[in-house]
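A.B. asks: In order, the protein sequences belong to chains A and B. Just so you know, the first sequence maps onto residues 1 to 117 in our numbering. Just so you know, the second sequence maps onto residues 1 to 120 in our numbering.
Hints in this document: simulated from the structure, not taken from any laboratory. Where a beta carbon is used, it is the ideal one built from N, C-alpha and C, also for glycine. A hint or two may mislead.
Said to hold, decoys possible - Straight line, CA to CA, 30 Å or less: simulated BS3-like cross-link-like pairs of lysine-lysine: (1) LYS68(A) <-> LYS71(B); (2) LYS71(B) <-> LYS69(A); (3) LYS58(A) <-> LYS68(A); (4) LYS71(B) <-> LYS11(B); (5) LYS14(B) <-> LYS68(A); (6) LYS42(A) <-> LYS14(B); (7) LYS42(A) <-> LYS58(A); (8) LYS69(A) <-> LYS58(A); (9) LYS57(B) <-> LYS14(B); (10) LYS57(B) <-> LYS71(B); (11) LYS11(B) <-> LYS57(B).
Unchecked claim - Computed footprint of chain B on chain A, listed as stretches where at least three residues anywhere in the stretch have a Cβ under 8 Å from a Cβ of chain B: (12) 61–67; (13) 72–84.
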Amino acid sequence: AQSVTQLDSHVSVSEGTPVLLRCNYSSSYSPSLFWYVQHPNKGLQLLLKYTSAATLVKGINGFEAEFKKSETSFHLTKPSAHMSDAAEYFCVVSLNAGGTSYGKLTFGQGTILTVHP
Amino acid sequence: DTGVSQDPRHKITKRGQNVTFRCDPISEHNRLYWYRQTLGQGPEFLTYFQNEAQLEKSRLLSDRFSAERPKGSFSTLEIQRTEQGDSAMYLCASSPSMGAQKKSSYNEQFFGPGTRLTVL
């Protein structure tokens, strides 16, 4: 079984300040982990992915995440928030495709990021 | 545009009516997924196709739901006798086959814009 817990439903930051969106996962096997972003009235867009290579993963738009197996965490960070970062962010886990997992994604509940001028 | 497309983008129907949604995946992708997203929640897995074979269905997919991918290309999701609880965003995603994926793209799914269903 696999599950994802996003620890904050809403995060509010000022433009230019750091962003931290927290995610803990549970997986019986070695997982792939993703962060997706969803802007209003737009489709889900992949920000970054961890697939058992480097534990620090860099994504688009200056976002990065660190896989910490001992803490079962995959927190998303950005050094300096921009107004355009305001959106909903989803932490996602997938068992590596193969066997019976078929690579289906399990999403967290989402974190809404608000950026104030 | 060579991304995943879905049609219609919005559907309003009355309770008890049948509705059908279409998804066109990225052309070289043989894996296709349907998810449902209700307000304030993350998307939930509904079903998975590899080519034309439906290999997995979630318990969320009641008998009123049926999905097909007849030629291994586009897929349809039909809901019969709609209920107000079916109101949600229905998302389609596609992914290359395992053999076609570079390791760096492993399990990455590309999402369409979704079909928003409102049942009155």
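A.B. asks: LYS69(A) and LYS58(A) were given as a pair; does the straight-line alpha-carbon distance stay at or below 30 Å?
C.D. replies: Within the cut-off at roughly 17 Å; holds.
A.B. asks: Check the hint pairing LYS71(B) with LYS69(A) against an upper bound of 30 Å on the C-alpha distance.
C.D. replies: 41 Å, violated
A.B. asks: When I compare C-beta atoms, does the region 72–84 of chain A have three or more residues closer than 8 Å to chain B?
C.D. replies: violated (count 0)
A.B. asks: Regarding the pair LYS57(B) and LYS71(B), is the alpha-carbon distance no greater than 30 Å?
C.D. replies: 19 Å, holds
A.B. asks: LYS71(B) and LYS11(B): Cα distance at most 30 Å?
C.D. replies: It holds: about 25 Å lies between the C-alpha atoms, which stays within 30 Å.
A.B. asks: Within 30 Å, alpha carbon to alpha carbon, are LYS14(B) and LYS68(A)?
C.D. replies: Cα-Cα ~48 Å, so violated.
A.B. asks: For LYS68(A) and LYS71(B), compute the direct alpha-carbon distance and say whether it is at most 30 Å.
C.D. replies: 42 Å, violated
A.B. asks: Closer than 8 Å Cβ to Cβ for three or more residues is the test here. Does the region 61–67 of chain A pass it with chain B?
C.D. replies: With 0 residues closer than 8 Å to chain B, the region 61–67 of chain A misses the three-residue bar; violated.
A.B. asks: Within a Cα-Cα threshold of 30 Å, do LYS58(A) and LYS68(A) meet the stated pairing?
C.D. replies: It holds: about 15 Å lies between the C-alpha atoms, which stays within 30 Å.
A.B. asks: Given the hint that LYS57(B) pairs with LYS14(B), does the C-alpha gap stay at or below 30 Å?
C.D. replies: Holds: LYS57(B) and LYS14(B) sit about 26 Å apart, inside 30 Å.
A.B. asks: Quick one, are LYS11(B) and LYS57(B) close enough, alpha carbons at most 30 Å?
C.D. replies: 23 Å, holds
A.B. asks: Is the Cα-Cα distance between LYS42(A) and LYS58(A) 30 Å or less?
C.D. replies: Holds, at about 23 Å.
Checked against the numbered hints above, the structure breaks hints 1, 2, 5, 12, 13 and satisfies the rest.
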